[in-house]
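**Student:** Below, each chain spelled out in residue letters.
Protein chains: 4
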Amino acid sequence: MKIGLIGLGKMGFQLALNMHERGQSVIGYNRSLQKVKALQAAGIAGTNSLENLVKQLDQPRRIWIMVSAGAPVDAVLTDLTPLLAAGDLVIDGGNSHYRDTLRRAGELKEKGIHFMDIGTSGGIEGARHGACMMVGGSDEDFSQVEEVLRDLCVPGGLAHVGPEGAGHYVKMIHNGIEYGMMQAIGEGFEILKESPFEVDYAQVAEVWRHGSVIRGWLMDLTQKAFQEDPDLASIKGVVHASGEGLWSVQEALDLSVPVPVIAASLFTRYRSQQADTFSGKVVAGLRNQFGGHATVKKEEA
Amino acid sequence: MKIGLIGLGKMGFQLALNMHERGQSVIGYNRSLQKVKALQAAGIAGTNSLENLVKQLDQPRRIWIMVSAGAPVDAVLTDLTPLLAAGDLVIDGGNSHYRDTLRRAGELKEKGIHFMDIGTSGGIEGARHGACMMVGGSDEDFSQVEEVLRDLCVPGGLAHVGPEGAGHYVKMIHNGIEYGMMQAIGEGFEILKESPFEVDYAQVAEVWRHGSVIRGWLMDLTQKAFQEDPDLASIKGVVHASGEGLWSVQEALDLSVPVPVIAASLFTRYRSQQADTFSGKVVAGLRNQFGGHATVKKEEA
Amino acid sequence: MKIGLIGLGKMGFQLALNMHERGQSVIGYNRSLQKVKALQAAGIAGTNSLENLVKQLDQPRRIWIMVSAGAPVDAVLTDLTPLLAAGDLVIDGGNSHYRDTLRRAGELKEKGIHFMDIGTSGGIEGARHGACMMVGGSDEDFSQVEEVLRDLCVPGGLAHVGPEGAGHYVKMIHNGIEYGMMQAIGEGFEILKESPFEVDYAQVAEVWRHGSVIRGWLMDLTQKAFQEDPDLASIKGVVHASGEGLWSVQEALDLSVPVPVIAASLFTRYRSQQADTFSGKVVAGLRNQFGGHATVKKEEA
Amino acid sequence: MKIGLIGLGKMGFQLALNMHERGQSVIGYNRSLQKVKALQAAGIAGTNSLENLVKQLDQPRRIWIMVSAGAPVDAVLTDLTPLLAAGDLVIDGGNSHYRDTLRRAGELKEKGIHFMDIGTSGGIEGARHGACMMVGGSDEDFSQVEEVLRDLCVPGGLAHVGPEGAGHYVKMIHNGIEYGMMQAIGEGFEILKESPFEVDYAQVAEVWRHGSVIRGWLMDLTQKAFQEDPDLASIKGVVHASGEGLWSVQEALDLSVPVPVIAASLFTRYRSQQADTFSGKVVAGLRNQFGGHATVKKEEA
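Protein chains in written order, with our numbering: chain A, 1 to 301; chain B, 1001 to 1301; chain C, 2001 to 2301; chain D, 3001 to 3301.
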């Protein structure tokens, strides 16, 4: 079975290499010819024409979309759908919102086109050498591609978690948990930094990798980060949020589930992107009003 | 009854004016001759000698300490106590930690000296024109000074809330609530600032002062702050924490009471004092490790 | 100018009494004849027919809707709009989401019908004796009803804060702040309850009403609540959330504004509605796994 | 080198087995003869007399204390210290507060007795089969026992992180991070539980163990917990806190470090131990006062 892979960005490109290495037949597509050529240089077929891509796949086609969440996925589907036939299977392996996934699955179903969502974890390294995949879709569709997927995952790293939407839902929750775990690690090291002891952060992260309760991949990566830059002196503590942490909190709100930790992690990221805050100005202004507490003037700070 | 007032800082000076205006007999003390002279210029007796102060008071003496919490209170007591006699009453009207108050009350009691703690709220304006006072001490001591205290407070603004320590305890909790309320107001205006509407902050604060659920003195002051500086453009959102918010959270922790809002208010102040955070660096470093997410380099930010 | 008032519930009924007392001409509508009769018993015209209501108003009509947010407002508009003419003015005085308001204003505008949103604060007492109203709408529409509105508000309690939607937006933020303030007060009293001192909650709330930094209507009400039930022994700490606190947090998330305090207040309410939590089960289960910490069995708790 | 091990509780007993299995010479002590006999039944020397224990060790002695933090450690030291000689080494392998450790190290140093603190992670399983140990103490003392310690740890799981106190400090931070991670996992599964999808929790935890960003020991244990009890139906979500999470937050407060996530995790545990909250009563009472919102009566809930 040949797979058409749409999107050769950070994740998609590595996934193509992974597929190719496992002996799977893949043909990559990207609008940018440069990326197509890079793929071809790795010995993998590629094209910058959707029509070409579709033509080279036998029916029922298997097309894997690996582009940024949101509008880009809809843009791809708008162009792709007219080229497909009933019975074809479209897989969205990106970080789409599960509600978009439910909508898209419904729209495609009207045309007889099958849809499957895969939440993919493990970062770039995982895409390349063995990922964790949470799959949403029908039993029938899953069984069609199960072997291919299992090949791309680390052992144990594949699960069919429910119908369409469930894959992206479970991945969203995964990322919410990830936000909380990362912030917990960050807070711990910030206390250590201000502590009366002069600890070697890389050494601490290293010992926590072995036998501790908090051992795991995030601690492995923490150790690597400190090994590369012992005090993280070269980087700013500005943390962007790519969507799924926010969606987790929004989902929790919709479901009336208290999520103080995931929300705090998200707010901390938002705060990290602000040089100053209006709420802080209001509180500083209030203290000045009632207590005569001097405010820090704009020019001083 | 003449009152000796130790400490002519922001609060103490206004309190002396308040006492004087109500026809109370007060003699002020400050180490700095300059402040004593300022008091005298207002027609109030003053001295920069503790001995003088004590000598001018009839026994049993009433001495009111209004200095910064912590070491300054102990320093005053170290110098003052040897000059006092059994039956004298020392009042700590500052923002002392209640545990210090309990200790000091115990130490003085051994010498037969009475102790009373007054948590004073209402800011500088309150000290001058009518405060809110939460008093800890014995019934007997309270009855001795009740009339004097009532004079200094707005109507209804005096309460004997318990034995020694209770006054400072209740004031600590007052400030914990104050932290939460102020942060809530700050957050509300920050959403307004980012909202699709261009609102006039002073107008909004003004309407909320009249008939709304959240009307109160803090909203009055919010309105004043915006009236003086419509976008608070002149000040930075850096908010200091003077002790009692922290103590409220520490007390809650000791008592296993969940205080998510007061703690969040405190953490937000701490964060406002940081230009960058180590926790943010760790999280940014982690995202870079697993996702190849670019970090913001030190020099760029 | 005669006003048609749709909805004679908790807020609407009081508002009708308020209008009537100020000498305004009002005719009330409710589907339930019982409520209409209660209104008539108070000497105010009422009907349970929308057609009748509309017929009794001169053009351009002024119709004030005071029903529950969401579907009920749309239901009223569906029935009402066909009866109206270009130039009529519909006022939504309820707690609608501002996005619904923007949509409705747009839909009515297509028919030449004017729309105005009023966020009303001050509770039932305010609706009856003088409210706080935050108005969104055009300058022209506002000037048409300004005098009527001013009459219904406490002095200073009326503000035209922006175009359509702005009134409900500002009210939403008001409620977000309210959530935070109430939770701050609750936390403070919970620490007091666990404290080493036996304080009289009503006395503490009473003294805080006078001259303190945190004085305001919420503290007045806190005092009343404790006066009626000194330990609040008769009620459970289950707190419902009626929408606007949630919307404030959702809006903040959409705008990337950190709102730790308002969010914590909301989560605390959600938590208060749960008898047990799944997150707690997971954490208890985890502690049992690694530390052999006994879990509390279902039947024991 | 023979090691005297004081305390044969959950952790100490397993540690004795671990030492014995690695061919180390160990003699265990417990006040309870029953535990001593259990140790002897495993072929390991034991005594319920401290004098006996000390007598059987050659100087300089190596004595490892593995008892509950706080008073029990001081009680052991009070009895033990008079039996020791200058040059002996006392190791506290429990979860002591680092400030107690600093004090104890100082007190013993006056008698020429060396002190070393070991934060031990990995739970009961780790104590038995290979732990993670964070060691505080002098270079000289560490080098004396390094080989013994390395034997008890998993490969890589031993680090000398600083002078006396540093081991317990780093362990405290480890547990703070652990609190945050566990709560993040709990929140994620609680959203899943309320989600529109019916997921198999054990399956989700299992797939997250393999290749995901959040893989690690806590996820392994989450999977085990769900495997044993698919909906955790048998246990209540009541979570106790054993000290170090609290200490992490207290330390952060002392250092002015914002730790919203670790604090939220701790507050959530405190909340889980409450059947009802006073703060909730206050907020419910307030809503009733201003909005006429019905409260849930005690008897109904």
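Treat the hints with caution; some may be incorrect.
Stated by the list, open to error - Only pairs whose alpha carbons sit at most 25 Å apart, straight line, appear in this in silico DSS-like list of lysine-lysine:
#1 B/K1037 to A/K297
#2 B/K1297 to A/K224
#3 A/K193 to B/K1224
#4 C/K2010 to C/K2035
#5 B/K1111 to A/K297
#6 D/K3297 to C/K2236
#7 D/K3010 to D/K3224
#8 D/K3236 to D/K3010
#9 C/K2297 to D/K3224
#10 D/K3236 to C/K2236
#11 D/K3224 to D/K3236
#12 C/K2193 to D/K3224
#13 D/K3002 to D/K3055
#14 B/K1236 to A/K236
#15 D/K3037 to D/K3111
#16 D/K3010 to C/K2297
#17 A/K2 to A/K111
#18 B/K1236 to A/K297
#19 B/K1010 to A/K10
#20 C/K2010 to D/K3002
#21 C/K2236 to C/K2010
#22 D/K3297 to C/K2224
#23 D/K3224 to D/K3193
#24 B/K1297 to A/K236
Bear in mind the hints are in silico, worked out from the structure with no lab data behind them.
**Student:** Each hint: holds or not?
**Tutor:** Verification of the supplied hints:
Only pairs whose Cα atoms come within 25 Å are accepted, and B/K1037 paired with A/K297 is rejected, the gap being roughly 31 Å. Restraint check for B/K1297 and A/K224: the C-alpha separation of about 18 Å stays at or below 25 Å, so the hint holds. At most 25 Å may separate the alpha-carbon atoms for a hinted pair to count; A/K193 and B/K1224 exceed this at roughly 40 Å. Under the criterion of a C-alpha separation no larger than 25 Å, the hint pairing C/K2010 with C/K2035 is consistent with the structure, at around 11 Å.
In summary, the hint linking B/K1111 to A/K297 is not supported, as the alpha carbons are separated by about 48 Å, beyond the 25 Å threshold. Distance hint between D/K3297 and C/K2236 is fulfilled; the C-alpha atoms sit about 6 Å from each other, no more than 25 Å. For the hint pairing D/K3010 with D/K3224, the CA-to-CA distance comes to about 20 Å; that is within 25 Å, so the pair holds. A hinted pair counts as satisfied when its Cα atoms are at most 25 Å apart, and D/K3236 with D/K3010 qualifies at roughly 23 Å.
For a cut-off of 25 Å, the pair hint linking C/K2297 to D/K3224 stands: about 18 Å separates their Cα positions. In summary, the hint linking D/K3236 to C/K2236 is supported, as the alpha carbons are separated by about 21 Å, within the 25 Å threshold. This hinted pair checks out: D/K3224 and D/K3236 have alpha carbons roughly 17 Å apart, not beyond 25 Å. Between C/K2193 and D/K3224, the direct Cα distance comes to roughly 40 Å. Violation of the 25 Å bound is thereby established for this hinted pair.
For the hint linking D/K3002 to D/K3055, the alpha-carbon distance of about 12 Å falls within 25 Å, and the restraint holds. Of the pairs offered as hints, the one joining B/K1236 and A/K236 holds, with about 20 Å between alpha carbons and a cut-off of 25 Å not exceeded. Restraint check: the Cα-Cα separation between D/K3037 and D/K3111 comes to about 33 Å, which exceeds 25 Å; the hinted pair is violated. Between the alpha carbons of D/K3010 and C/K2297 the distance comes to roughly 21 Å, so the proposed pair stays at or under 25 Å and holds.
A distance of roughly 22 Å separates the Cα atoms of A/K2 and A/K111; the hinted pair therefore holds under the 25 Å criterion. Between B/K1236 and A/K297 the CA atoms are separated by roughly 6 Å; this keeps the pair inside 25 Å, and the hint holds. Between B/K1010 and A/K10 the alpha-carbon distance is near 60 Å, which puts this suggested pair outside the 25 Å criterion. A threshold of 25 Å between alpha carbons decides the hint, and for C/K2010 with D/K3002 the separation of about 80 Å lies outside it, so the pair is violated.
Restraint check for C/K2236 and C/K2010: the C-alpha separation of about 23 Å stays at or below 25 Å, so the hint holds. Of the supplied pair hints, the one linking D/K3297 and C/K2224 holds, its CA atoms being roughly 18 Å apart against a limit of 25 Å. For the suggested pair D/K3224 and D/K3193, the alpha carbons sit about 18 Å apart, so the restraint of at most 25 Å is met. A threshold of 25 Å between alpha carbons decides the hint, and for B/K1297 with A/K236 the separation of about 6 Å falls inside it, so the pair holds.
Hints 1, 3, 5, 12, 15, 19, 20, counting from the list given before, are not met by this structure.
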